[in-house]
Amino acid sequence: MSAVPAAVDAAPLARTVEALLFLSADPLSAGELADATEAGEAAVLAALAVLAEQYAPGRRGIRLRELGGGWTLTSDPDAEDAARRLLSRPRLATLTPAQAETLAIVAYLQPISRPEITRIRGVSADSATATLLERGLIEEAGHSQFGAILYRTGIQFLKLFGLRTLDELPDIARWDPSPEEQAQLRERLLRAGEARAGAER
Amino acid sequence: MSAVPAAVDAAPLARTVEALLFLSADPLSAGELADATEAGEAAVLAALAVLAEQYAPGRRGIRLRELGGGWTLTSDPDAEDAARRLLSRPRLATLTPAQAETLAIVAYLQPISRPEITRIRGVSADSATATLLERGLIEEAGHSQFGAILYRTGIQFLKLFGLRTLDELPDIARWDPSPEEQAQLRERLLRAGEARAGAER
Amino acid sequence: MSSAPIVSSGEPTTLATLELDLDVFSGPFDLLLTLVLRQEVDLLELSLADVVLAYLDHLERRGELDLETATEFIVLIAALLELKSRLMLTGEEEELLDIEPEQAAEELLARMLDARRFRSASAHLRQLLAAEHGVRFRTAPPPASLRRSIVAPPPGSQDPQQLGAAMGRLLLMPPEINVLHIAVPRITVGERLAHLRGLLRRGSFSLDEAVGDADRMTVAVTLFALLELYKLGEADWEQAESFGDVSIHPFASARAAPPRPDREQGHGGAGQRRALAGARAGAAR
Numbered sequence: 003m004s005a006v007p008a009a010v011d012a013a014p015l016a017r018t019v020e021a022l023l024f025l026s027a028d029p030l031s032a033g034e035l036a037d038a039t040e041a042g043e044a045a046v047l048a049a050l051a052v053l054a055e056q057y058a059p060g061r062r063g064i065r066l067r068e069l070g071g072g073w074t075l076t077s078d079p080d081a082e083d084a085a086r087r088l089l090s091r092p093r094l095a096t097l098t099p100a101q102a103e104t105l106a107i108v109a110y111l112q113p114i115s116r117p118e119i120t121r122i123r124g125v126s127a128d129s130a131t132a133t134l135l136e137r138g139l140i141e142e143a144g145h146s147q148f149g150a151i152l153y154r155t156g157i158q159f160l161k162l163f164g165l166r167t168l169d170e171l172p173d174i175a176r177w178d179p180s181p182e183e184q185a186q187l188r189e190r191l192l193r194a195g196e197a198r199a200g201a202e203r
Numbered sequence: 003m004s005a006v007p008a009a010v011d012a013a014p015l016a017r018t019v020e021a022l023l024f025l026s027a028d029p030l031s032a033g034e035l036a037d038a039t040e041a042g043e044a045a046v047l048a049a050l051a052v053l054a055e056q057y058a059p060g061r062r063g064i065r066l067r068e069l070g071g072g073w074t075l076t077s078d079p080d081a082e083d084a085a086r087r088l089l090s091r092p093r094l095a096t097l098t099p100a101q102a103e104t105l106a107i108v109a110y111l112q113p114i115s116r117p118e119i120t121r122i123r124g125v126s127a128d129s130a131t132a133t134l135l136e137r138g139l140i141e142e143a144g145h146s147q148f149g150a151i152l153y154r155t156g157i158q159f160l161k162l163f164g165l166r167t168l169d170e171l172p173d174i175a176r177w178d179p180s181p182e183e184q185a186q187l188r189e190r191l192l193r194a195g196e197a198r199a200g201a202e203r
Numbered sequence: 055m056s057s058a059p060i061v062s063s064g065e066p067t068t069l070a071t072l073e074l075d076l077d078v079f080s081g082p083f084d085l086l087l088t089l090v091l092r093q094e095v096d097l098l099e100l101s102l103a104d105v106v107l108a109y110l111d112h113l114e115r116r117g118e119l120d121l122e123t124a125t126e127f128i129v130l131i132a133a134l135l136e137l138k139s140r141l142m143l144t145g146e147e148e149e150l151l152d153i154e155p156e157q158a159a160e161e162l163l164a165r166m167l168d169a170r171r172f173r174s175a176s177a178h179l180r181q182l183l184a185a186e187h188g189v190r191f192r193t194a195p196p197p198a199s200l201r202r203s204i205v206a207p208p209p210g211s212q213d214p215q216q217l218g219a220a221m222g223r224l225l226l227m228p229p230e231i232n233v234l235h236i237a238v239p240r241i242t243v244g245e246r247l248a249h250l251r252g253l254l255r256r257g258s259f260s261l262d263e264a265v266g267d268a269d270r271m272t273v274a275v276t277l278f279a280l281l282e283l284y285k286l287g288e289a290d291w292e293q294a295e296s297f298g299d300v301s302i303h304p305f306a307s308a309r310a311a312p313p314r315p316d317r318e319q320g321h322g323g324a325g326q327r328r329a330l331a332g333a334r335a336g337a338a339r
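Residue numbers (my numbering), protein chains in the order written: chain H, 3 to 203; chain Y, 3 to 203; chain L, 55 to 339.
Calculated from the structure, these hints are not laboratory results. Keep in mind the model is a prediction, meaning the values are calculated, not measured. Glycine included, C-beta positions come from ideal geometry on N, C-alpha and C.
Quick partial rundown of chain H residues pointing at chain Y, CB under 7 Å, derived from the structure:
hint : residue
1    : E20
2    : S77
3    : D78
4    : A81
5    : A84
6    : P99
7    : R198
Just need the whole structure built from these sequences, with the hints factored in.
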């Protein structure tokens, strides 16, 4: 703030450099910043000095760090407790309808391949499957005879749903007026899925 | 910077809130910020006001935006050229007319199924729907009574279109043709040909 | 088949200036619409595909695409198609008359207004998007040190019933589409084969004679039977013009030789298409 002329000159460039540091996940070198801003490296370094002043420790919730030959913005360590509380909230406590459907299909029909899940749902289950995998609710279980990856539920699934074994899954009969064998359950799901896909057209 | 007493009071909390906004990918509501900072919502709102002042347009390379029922940090649009050079991927710049129409129908009538969208547009919306889903602008929202998948807009839609809530979309009736225009259209549909019909016969 | 449309030049591209020259109608599109709505032109006899082709010709000739008009055209054609398919699928003839011209016009108008509203709304959205040009969001994940502390949701926090409910939802068959029009085949191909063979023994006859006042299903089944006879080399047919009557006669060297593919009339795919067109015309009457 004392170097008024520098601030006046560097201000627009400093703002651009700040935006780039904000957007970039990785540290940016002075060279990369100079290329992107189409300014000289000396100007970029001057802009970084202005930013370093503005982001001096204790002034903001964000810090400017020189790291691995470049510069990067990081959160202030003072905010770590709050950040932990924010990020450690149970993520996505509720399942989306697509996730619940995909999980139910895997739970009742396991092992089952993604193409078959898609047929039953009538739409792609790719993103739901990926999320369930990532959260450990389902896992891979070998390959079908056609080479498609099969999925089954894992330990995490039983824990999260408070089940001792898969036998404790709710009885389908409650939702299905004509209870049938499990083998037929698959058939019926596929038929309904195809009817839905047909109705969509 | 002029309001020294406020800055002194709000500063530590404002710094923490700033750090949380920096870390979070999605907008954070005052409630979420209050939980994470263990401060009251009023204090959080005061801290956000301090930040809003610090991030006033033109001051920094980062902006504070109220979006989707919460607050988030974004880059300053002035830095877009440099950002494009650095990240070498364009921001979602445009939508095709089909995508924009499909998105408008979902935004206003959500939740809505694909057959309904098709009916309004007169042509299939399959590929537009797939693209919008892929870009995260719309998402699944359960099933209609006929089993068709329903769609709604997601947070990504609010983020990219700079909307605080869906209520910020103008009333759809705003684009109704005037009663005179409607009368003319009706006329065209039913009566305009009459004279010519007479002449033809 | 329709000849190419005559386009009045110099006029702004509106649908009103789209001149059509079709089998059942010649004149401007607007007038056609009016006549259809007034039920003075039978929608069932109107080839909407020809209208679309004429419009495409029209576009090609002008060399420019007016989106406004194109959208209007698509909405109108789609509505006409739906109207037409509804007419074709009604089980009872009376229902045909249930759509009053005014009602049909109101329905078309409602469609056009809806399409306009959302087209305008989409323009607004595109403006919003353009106004947000250059606003980017940080996508970097939180640092690993903070991420590691993410706690798993507590055991038993999910209700298994939601899985059963999802299953129930998936088991649900969508309500049956009304398939009355394709209902139980009361008439079998075998019966119609016997009927046609009986007629063939007496010489040539027309499809109209063969089906009389029978319902559409009988017409369709008769047609299948006819195709079967053709395949077996027992019968041949001719149709002078599309939608004209189909005349059927015993195949000259029946059972001796398969039909020769190079014959002038009524063979293979083209013959079948013609026969189908005839049957459609028959069904429409």
